[in-house]
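Q: Dock chains B, C and D against chain A, hints included.
Number of protein chains: 4
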Amino acid sequence: MDHTYRLVISCPDRVGIVARVSQFVADQGGWLTEANYHADADNNWFFMRNEIRADSLRMGAEAVRDAFAPIAQEYEMAWELVDSSVKRKVVILASHASHCIADILHRWHSGELDCDIPCVISNHENLRSMVEWHGIPFEYVKIDPENKMPAHTKIMELTAEYQADCVVLARYMQIIQPEFCRAYSGRMINIHHSFLPSFIGANPYQKAFDRGVKLIGATSHYVTEQLDEGPIIEQDVIRVSHRHSKDDLVRLGKDVEKSVLARALRNHIEDRVLVLGNKTVVFD
Amino acid sequence: MDHTYRLVISCPDRVGIVARVSQFVADQGGWLTEANYHADADNNWFFMRNEIRADSLRMGAEAVRDAFAPIAQEYEMAWELVDSSVKRKVVILASHASHCIADILHRWHSGELDCDIPCVISNHENLRSMVEWHGIPFEYVKIDPENKMPAHTKIMELTAEYQADCVVLARYMQIIQPEFCRAYSGRMINIHHSFLPSFIGANPYQKAFDRGVKLIGATSHYVTEQLDEGPIIEQDVIRVSHRHSKDDLVRLGKDVEKSVLARALRNHIEDRVLVLGNKTVVFD
Amino acid sequence: MDHTYRLVISCPDRVGIVARVSQFVADQGGWLTEANYHADADNNWFFMRNEIRADSLRMGAEAVRDAFAPIAQEYEMAWELVDSSVKRKVVILASHASHCIADILHRWHSGELDCDIPCVISNHENLRSMVEWHGIPFEYVKIDPENKMPAHTKIMELTAEYQADCVVLARYMQIIQPEFCRAYSGRMINIHHSFLPSFIGANPYQKAFDRGVKLIGATSHYVTEQLDEGPIIEQDVIRVSHRHSKDDLVRLGKDVEKSVLARALRNHIEDRVLVLGNKTVVFD
Amino acid sequence: MDHTYRLVISCPDRVGIVARVSQFVADQGGWLTEANYHADADNNWFFMRNEIRADSLRMGAEAVRDAFAPIAQEYEMAWELVDSSVKRKVVILASHASHCIADILHRWHSGELDCDIPCVISNHENLRSMVEWHGIPFEYVKIDPENKMPAHTKIMELTAEYQADCVVLARYMQIIQPEFCRAYSGRMINIHHSFLPSFIGANPYQKAFDRGVKLIGATSHYVTEQLDEGPIIEQDVIRVSHRHSKDDLVRLGKDVEKSVLARALRNHIEDRVLVLGNKTVVFD
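For the record, the sequence lines run as chains A, B, C and D.
Positions 4 to 287 (this note's numbering) are the ones given, in order, by the first sequence.
Positions 4 to 287 (this note's numbering) are the ones given, in order, by the second sequence.
Positions 4 to 287 (this note's numbering) are the ones given, in order, by the third sequence.
Positions 4 to 287 (this note's numbering) are the ones given, in order, by the fourth sequence.
All the pointers check out, no bait thrown in.
Treat identical chains as interchangeable: a pair holds within one or across any two.
Below 30 Å or equal to it, Euclidean Cα-Cα: the simulated DSS-like pairs (lysine-lysine) are:
id : residue 1 : residue 2
1  : K249      : K92
2  : K282      : K210
3  : K90       : K249
4  : K92       : K151
Honestly, the hints are just simulated from the structure, not real lab data.
Looking at chain A on its own, in the form it has when it is part of the complex (with noise of 0.2 Å):
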């Protein structure tokens, strides 16, 4: 990976914002290797993404963000100015299923993904040995159906200690705490396993099967505080039919739901995901 800084933008639309912002990047010899614009014309906001080489600027970060910071002021900009040197730190929840995580910890062993895994955190024990063979520490916390709220609050306070950039829900089938869901706002992904708002809620490959779909799917979304509703950033499906049986269903829903979760995770990581209202930009 190459060292660069990515300015992440979003404002209320305007005449030259581009302008402002790119100037400012040349002002300071930034080579951009690329950027992206998005004008939504329904809610009249701006979002930019540029992606600048590291060596090329004439000062460090801090300094960057000194100097933009009045820009951003003037254009009332949400925004940040991301090393990609310094990686997230993503905090997997798990159940007992295996494929999301095992995709993921993979992809992370292998390079492809560029973060950090600093823990997973779990309510069963059977993925243990998995996660400890990639060198990842494992955090077993059991949930007692009676009385679910002690086990929230561990799991709140590990994600804090090991201080999560983002968390991921890696087929977690717990619901999350509201208190939860606002700490990450925004950097909280969920794989939920249909094609939503198709099957909100459980067991969406029985519905689906019941309902004879010739597709199913798989959507990867930021985690608000109502089930299966947040902001969608990325859906796949697969072709179905007759011939499957239900099992077959979540059979080949597994390949979807990896790969959904996989490409969410990636974008989210690179700062390619924009939030506005219910929606997302993607900038991939």
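A: Quick look at chains B, C and D alone, frame taken from chain A:
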């Protein structure tokens, strides 16, 4: 198209059905060009479709039907022996939108769709010239929003007069009367402009746009009295992104709608679609 | 369609291009509705396309062009400022097959394709009625297999007479003269009925059938003097299996051909396709 | 997995085959859970695969085989009766790349792939730990570039020792000896990292990048003595654009490679792939 007979069967599953039917076919000298079977384990039901070269049979269609009847009775079969040389009469109902009907008419005109189209019925005049250029009668039936029943009745009468075997709703935006649904149960095909069961009812593209989905779709299904709830024949999707306005979704969706409807109709008129409850078996 | 100007640029990459161009646009009061950038690292080349609301500019197109010329010179740009209200003239060359041309004509007729079609030229008469129904002149040019040059010359003359900005080969099965290729370099679009570079030349469906591929495709590309070797604009595929005969491949392939050609043509007439060497940048 | 017998047959086509075979199955009390047929009109050849519930048969596998042999002889059948409870032994050959083998191992470990993996053989050591974590022997065979024959011989010996029914080349980058190809004809599966027949041989991603294709793909095929020319089992593609570098193609292609190989292998070990000449029938 080669001249064939299609022996299409559904019945309770038990040992020996394939043997019994294929022995019958072989006894008549029948040369199978295609044979499809499906055992539905959940409902213990069996489906089969045999396509037999007409010139290989020692007797005509009526004699084959007489000879097969006792077997059908023994196995409690719902069945048909369809002569591929007798073209299905497909009546098309349309409103204002032209993309689906233009697509069907071109496929029919170029010989790709092996059916007759005895007439097109519409509550708008704008498609008359296109339909008539194809040499197909165009029946305009004005719908009075204050009193729709006379129009509904007229449309049912026209469909009967033209002896429709099958009715296609090519983006026909009117509710179908229950009586009409029942008369054409399993023979009336709709195209809905969403990936069902997402976005049932009106304005699915607006709903898809508002939800921020990353794929939009279309669904072709048999019409039942429950709006957009009938057995699904075919579905497909296309990728969209934040760059697409609601009008873009409408435009991109048209291509999915017309290809999904064309595939569904083709499979229907080739007797490849069998219905069980609210689901379909499609031997494509 | 909103009235816009499209400022389309390619030039050697260096620091400050975006800043310079977007400052220029902002200085004219230009409101960007869409902006796309691409830096080709291998060739050190930069591409940009800005779409600007016409009513936001303080001057007309000619004045903008004059004002921009010095910047273009400084940065060694190949550039255009295209007025979206001036429709491109697209001349279509066809042979006997109707699927691609019927698709283009319907998209044009229904207002989806924002161009003029001054005429269709064909070496067969069978499409005359369909073309003329759309109100478009049909020019029949008979090709003598023993001496094709007079026909080639006639077609070039007609193309010039009708002032074609762009030529579409809608399954036109004749070799294009080198002189014609050069005259319409980057403006003549072909649809080849295979997934290039597989199955170059004649009978690609037969070749695909013989090889036993599991997907067939189509490719739209700019025509160059090397048969089927020009810059690819768009490709797509469809799944096939052992059940499909060679005729099925031809039938299924038609749907891919027409959608690939339609997407390529749309992107071309919206100035979204930029060529570098034998490759394209497509800002779709 | 239910215990079944798979009766897989290919033979010259003639009237009555299905009747004869299905009567035989019915006479043994055989309950069909799945039945597939294909008549290849070009070669006048017939293919069938019957999956029969083991507990429905009145006799064991050996007795069924004895009883069926005369029928097979009469119809000149190539055939097998496969017991689904006897797991195939799949030996994997790998080099340095981990994505395909990690994917197969996880599918096997999670019970999705119903086979045994008696060993993995590689000319690199880097995958040892991953393979051994799964409880599978790892055989390192160093290949001397100056004299590859001893290594080739060793690999063939190991394959024989471990009694491989099937060999998978999971991005194994070495040429296979003709003798090895012949010994495992129709049982050795390769994954090639292009959409064949495009980009045969080395560096297909570089070739795809240089040609500027808009989709890249992968192909799984049976290995023959002609490099990348064997019968294709499965293919798939993924969309790319000008934004993707050659390294991006490599990364995106990995996902296609592993899913294509997994589907091909699954179909192979479930006896769903039948070969005729250089093409396959895949009853999926």
